[in-house]
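Student: Single-letter residue listing:
2 protein chains.
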Amino acid sequence: MPEDYRFPPMRVGIGILGGGVVGGSLAHKLLNESDVITAKTGLELQLVKVAVRDLDKQRPFPASYATDRPEEVVDDPEVGLIVELMGGMEPARSLVLRALDAGKPVVTANKQLVAAEGPTLFQRAEKNGVSLLFEAAVGGGIPIIRPLSESLAGERITSVMGIVNGTTNFILTHMAEEGRPYDEVLAEAQRLGYAEADPTADVSGADAAAKAAILAGLAFGVWVDLDRVYVEGIEGISSTDIAFAARLGYVVKLLGVAESTPDGVSVRVHPALVPDNHPLAAVRGAQNAVFVSGPALGELLFSGPGAGGDPTATAVLGDVVTAARELLAHTPVAPRVRIGAGIVADFGQVDTSHYLRLEVDDAPGVLAAIAGAFGEAGVSIRSVWQEGRGEDATLLLVTHAAPESAHAKAQQRLAEIDTVRQVASVIRVVGDTG
Amino acid sequence: MPEDYRFPPMRVGIGILGGGVVGGSLAHKLLNESDVITAKTGLELQLVKVAVRDLDKQRPFPASYATDRPEEVVDDPEVGLIVELMGGMEPARSLVLRALDAGKPVVTANKQLVAAEGPTLFQRAEKNGVSLLFEAAVGGGIPIIRPLSESLAGERITSVMGIVNGTTNFILTHMAEEGRPYDEVLAEAQRLGYAEADPTADVSGADAAAKAAILAGLAFGVWVDLDRVYVEGIEGISSTDIAFAARLGYVVKLLGVAESTPDGVSVRVHPALVPDNHPLAAVRGAQNAVFVSGPALGELLFSGPGAGGDPTATAVLGDVVTAARELLAHTPVAPRVRIGAGIVADFGQVDTSHYLRLEVDDAPGVLAAIAGAFGEAGVSIRSVWQEGRGEDATLLLVTHAAPESAHAKAQQRLAEIDTVRQVASVIRVVGDTG
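Protein sequences, first through last, are from chains F and C. In case it helps, our numbering puts the first sequence at residues 1224 to 1657. In case it helps, our numbering puts the second sequence at residues 1224 to 1657.
By construction, these hints were calculated from the structure, which means they are not laboratory data. We treat Cβ as the ideally placed atom computed from N, Cα and C, and that holds for glycine. Certain hints may be false.
Claimed, not checked - Simulated coverage check for chain F against chain C, where a stretch passes if three residues somewhere in it have a Cβ under 8 Å from a Cβ of chain C:
no.	stretch
1	1251-1262
2	1355-1368
3	1377-1383
4	1522-1531
Take the sequences, apply the hints, and build the full model.
Tutor: Rendered as structure tokens:
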């Protein structure tokens, strides 16, 4: 143990709501690594109680800590700080507000709750003079919330973009590297624990949407309603498109994008073709990576483990240390997040470029008709590849950037062309410098 | 401007010590971007005075703010917070202590001062109940200090490693990509402003050593004296070795390493061969990148602009915002850095692997003699390449990991072999997984 010039450690009682993977890992750390934590921070973080759903289940902490009544954890006078790891809206929301009203700081990893109710929670925390921290809500073990809300407070951030869902990145990586279809890889991800039995929240993009909305809130000070976030999942991504993308020099990734545009803040989640020499293309498996861009900084990259019990518990523990220090300092906590009303850009006005795969008749004039459709819609074509000959030809097109509304118009016109049998797929392209 | 539910902005007067590139950029931001800062933070950061060396020089802020008496800035009753950007030990050290004793929080980008006097400064800040922050001292615009000291407080960090000097990375990148010699690229870096007229601090590794020592202090809670840091610069790196390294699949980088070993904390700076598929190999020009490793997190990567007025000023401004909030909250500031006494590993005990270039006689038995020298020293050879034939043969060797003391012994034995004309170069190898 290092010698120390400070006063003896200060004690804070910790109550955890949720005894799942992250809650179990956190409880285990608090019980078994208290010496490291005390040596590094001067704090004695003492586990008091853990609210679990099922008292009979085996867990990585003694059963004597478990209770199935979460209110009991919040109200326990020995508990000075609440860690909420239940997820979902209720009863998490009510319990968090109850803790804040009791003057107990809250650390949460609940992205749905923070995305949907952020401003309400921040206001309540401020009113009660306690901390509300949520580093683990985005990017698992990667510190991104704190850098955005504190270190970069002086930067006029223009965009925050990245891979913020490990499950979909695991699936897309394996589809690409092994040439296997979506359903098969999803089933394997479920077997290995990388995807849940009901994978909807991940594969539909909903999880990434909540995270992107939180990033936008911190970067731009505008809390975007989840129903204003454009969301497209990976269910429609075929191994055919992944293979074609690879031949054109791209990798398919599910991206969360929060951007400041001349028309307002845009938040969106969708699969995207990313150039294979782009740093995001190298992010494999369940890893996450986030780019922050601004005029003074250029580009910052944060990457690391996006999920998992231990990394997430580490992020939670970092917040617990900060919240405990602020509690002990009796700080009327510094407002970290400042939220205003702002304009949310209409998705139709957002500029994107598209990759399209068209099934066409291989007849004279087809390309002219297609080019005409794009031209009338105001979308210019950047490149075209034809695959196969004979009756069944496949055309791959990549467009230049144009408003989403113009792309929609172009796709309507394409559907009206007789020799275009099918617009087989449309995927946005991100990160092209050409 | 977003609507807002908060009270009106709170004012803090800012005094800057040092009117160079970073100080000028910060003053410019405070004067011209106050609306963004206030909207995002609720703070009105008002520039009061800037201490400069030469009053007659043209600067990006009005001359009315400039003074050549730095004490005047520290003592000004309108100044509530001091930003120290002078660099070097004195008078920076005395001015920082004077500010802390006057109850004024200090933000500094001065890596020499923090590396050499960290514990003294932290203790003084704590005694006076004010903040001392230094995000810009390492990694320029990359938030790394705060994640290490706050977000990762709960992780048993095993190593922090990376490219922490932009000048040397610029030089090595250009040498590698253009096949040009060190002196020529250094001269170009000086012309372009990437290297100083006297480049010693950068090319000798001294700048990186101060940064690595700070990272070790935050990661392990042990402040390592600069004279216990092993330092080797890039002056001896030849384009020959860079070209040979490339043929073997490596890139040469100057690395700062802070590592927790069984024998204590090791801090070192030296050029290293990094495999060309390693993420650090892709860090080009003046960019910086830092890896943090630990059992729970695996690897976190932070990368971005490592230097430059605007990125550094942005990092400083993030600290100013935090320090101003803590000042206004009258917080007896939360101790962020906790320093103890610890064991510093002897460099001889540290395990490394080496690349060696030997000029040898191309005679029978040479390789056997060389292999014998390594074997007697307890170093095992991983691979050998021979380049050229005839009298002038070049042998390239890469060893497995062994203690530095064993490598030193092997090199002594090599020098005693008649057929080994010269040990032309020795560079460490980092990041090899084989």
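Student: Each hint should be assessed against the structure and marked as holding or not.
Tutor: Comparing the hints with the structure gives:
no.: 1; hint: 1251-1262; in the structure: holds (count 5)
no.: 2; hint: 1355-1368; in the structure: holds (count 4)
no.: 3; hint: 1377-1383; in the structure: holds (count 3)
no.: 4; hint: 1522-1531; in the structure: holds (count 7)
In this structure, none of the earlier numbered hints is contradicted; all agree with it.
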